[in-house]
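Throw the hints in and build the complete structure from the sequences for me.
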Amino acid sequence: MDHCSSCVVRNRAICSSLDAGGVNALGKIGRHHRLVPGQTLIWEGEDSTVVANVIDGVLKLSTSLSDGREQIVGVVYPSDFIGRPFGARAQHNVTALTDAHVCTFSSSDFDRFAREHPELEHKLLDRTLSELDRTRRWLLLLGRMTASEKLANFLLDMSERIAPSGCKTEAPLDSFDIPFGRQQIADILGLTIETVSRRLNDFKAQKIIAVPTRRRIEILNRAALSDIAATPNR
Amino acid sequence: MWTHYPELLQRPVPRYTSYPTAADFTDQVGAQRYVQALDAIEDGTPLSLYVHIPFCEEICWYCGCNTARSNKRSRLSAYLDSLHEEIALAAHHLAGRGRVQRISFGGGSPNAIEPLDFVRLVGDIIIAFQAEDPLISVEIDPRQVADDWISVLRSARVRYASMGVQTFDPLVQEAIGRVQPYEDVLSLTHKLRDAGVSSINFDLMYGLPHQDQHLLMETLEQTVSLSPDRIALFGYAHMPHIIPRQRRIDTAALPGEAVRFAMAATGHDFLVEQGYQPIGFDHFAKPDDPLAIAAREGRLHRNFQGFTDDESEHLIGFGASAISQLPGLYAQNAKNAGVYRAAVAEGHFPIERGVERDSESRRHGTLINDILCHGKAPLPHRLTQEQSETLEEFVQRGLVTTGAGQVHLRPAAAPYARTIAAIFDPRMAGRIGSFSAPV
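First to last, the sequence lines map onto chains F and G. Per the numbering used here: the first sequence = residues 544 to 777. Per the numbering used here: the second sequence = residues 49 to 487.
Worth double-checking, as some hints may not be accurate.
Just the calculated beta-carbon pair ranges, DEER-fashion [claimed, not checked]: (1) Ile705(F) to Gly244(G): 26 to 32 Å; (2) Lys571(F) to Arg123(G): 29 to 35 Å; (3) Glu231(G) to Arg687(F): 39 to 45 Å; (4) Gln726(F) to Arg344(G): 52 to 58 Å; (5) Ala126(G) to Ser649(F): 18 to 24 Å; (6) Glu55(G) to Arg687(F): 23 to 29 Å; (7) Ala753(F) to Gln84(G): 55 to 61 Å; (8) Glu737(F) to Gly244(G): 37 to 43 Å; (9) Arg687(F) to Glu394(G): 33 to 39 Å; (10) Gly244(G) to Asn554(F): 27 to 33 Å.
Some but not every residue of chain F turned toward chain G, in silico, with C-beta under 10 Å [said to hold, decoys possible]: (11) Asp599; (12) Gly617; (13) Val618; (14) Gly630; (15) Ala631; (16) His635; (17) Thr671; (18) Ser673; (19) Glu674; (20) Leu685; (21) Arg687; (22) Arg741.
Simulated from the structure, these hints should not be mistaken for laboratory data. This one's a predicted model, so the numbers in the text were calculated from it and none came from an experiment. Ideal Cβ placement from N, Cα and C applies to all residues, glycine included.
Structure (structure tokens):
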């Protein structure tokens, strides 16, 4: 795929571990897909047939509880990798929260390719380790945190992971658009929409954030937001 | 210094990692009974999980564990798929009841699987049971531990690690089919510490072929120089009629009972002199290690992995041959990996055997546990004549005192603890075979 050289996440995605030849070869087995909000790319429990790089958009990882409820176990952003190479079953549902653009590979193609490119396999391990870390923070957030703590963590996480296209820098953004509405924030964090709005207004009143438009968030005092986000457990 | 009374050690006795012991498991306990026991787990109950990885890079000749060589990647990955499914099945069944506080990975060698597979396993368990910060412990084969594994242990926040060392002597190592240079253990010990492992255990053995007191002492000196937080010093149990792989070990090269006793005694004295606190009858720990603290505070327990500071009454085992330890029963998964996988594929718990723990067996179990873990127990009101006579033999030799309704083991009774516990085990009457020598 000739898109690779101009791909906006090429410096940050898992393929960044490859040299130009490797990127080219991987690109040849990739396919671009566009998803609309609510569309599911991977279903939990089904044979793991596809893995993907997120190029644009935000997706949620979820699992079904025994009582039928859905539990969100993570949120993925541009340059994140989804799916489980070398695994037989998909562990989560992967569903678009926004319009999303992904670069998919058939699992068998990707597995074969990764075997031949140890640098990619290594990167995959690194990614899986950071996912484990994020999973733990996420569970802590869902299980132990107050609404303010949840929201502060969510905003900080988003400011770090929704970095602009093509940018290789690790610096978090102080100003960004939340790509979905208050109701979806509430659903992700297990809060009511009223609580989300109230807490955002609190942050605003404390001059920790500014909300110039309904979607726009500006972090005015990152240290204060981090203080709120920090719990005794961390 | 312990005194050797061979006449007290004639009878093979159980290791009592459970009561009733695995020798009493029958097929009367199956999946249905296990499901009932899971259903009885209430909200917020502390849970411990055990995950069995029955694979090793190489099979050592002395080992009595349920293991196979990990030479085929396809076999490993099929097993891991079943493991993931079994974990999902249990989590689904518990539906959020219970709080997972500990996860232990044992085997075999958990590091026989790919680091990536291990991270996924940890991640899936953490999600399935909503356990954001469990205490994770892992058994490690110190041969060929790739640097990837070390970074995985660090990132997965593994806190306890246990290494199978057995012996540092090259000739003894060769005689048991486990060649493992001292340098490997040295370098792994440092790497584990750097990776944030806070308690490192060495498993050592006495009674190995060609081993004598001198060779054991050398191993112990090398061990102490690496300063592990815990040491387990086990007697090698030679039972080639039950464990075919042990037939490769030269029976003629095995030390006799008197030498075995002397090794256990010298080992004990040396480790105590080096500042280790004896735990139960075969473990040692630095005084500031959680295991030693638990022992001093009377919080020591015994489970399938030996002496532990884990206080949970609910241990759920995953994987082939894994044993679940619940208040009402012990249940063991199918030992054969194929049988195990077939059951899980059909959506069933792969329980093969087990035993009920009724109130009477729990009472006996508590007494045996008290003797082994705390060195004292309430003396039962009614003893048979045989029980009284047997107990008296230990009293006469000054190993045990009785009084104020208590049976009390003196420190020198440690090598006899299992034998003394067996006096109060009604299931021992008339039983022979299947158990190993007490020392």
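Those earlier numbered hints the structure runs against, lowest number first: Violated hints: 6, 11, 13, 22; rest satisfied.
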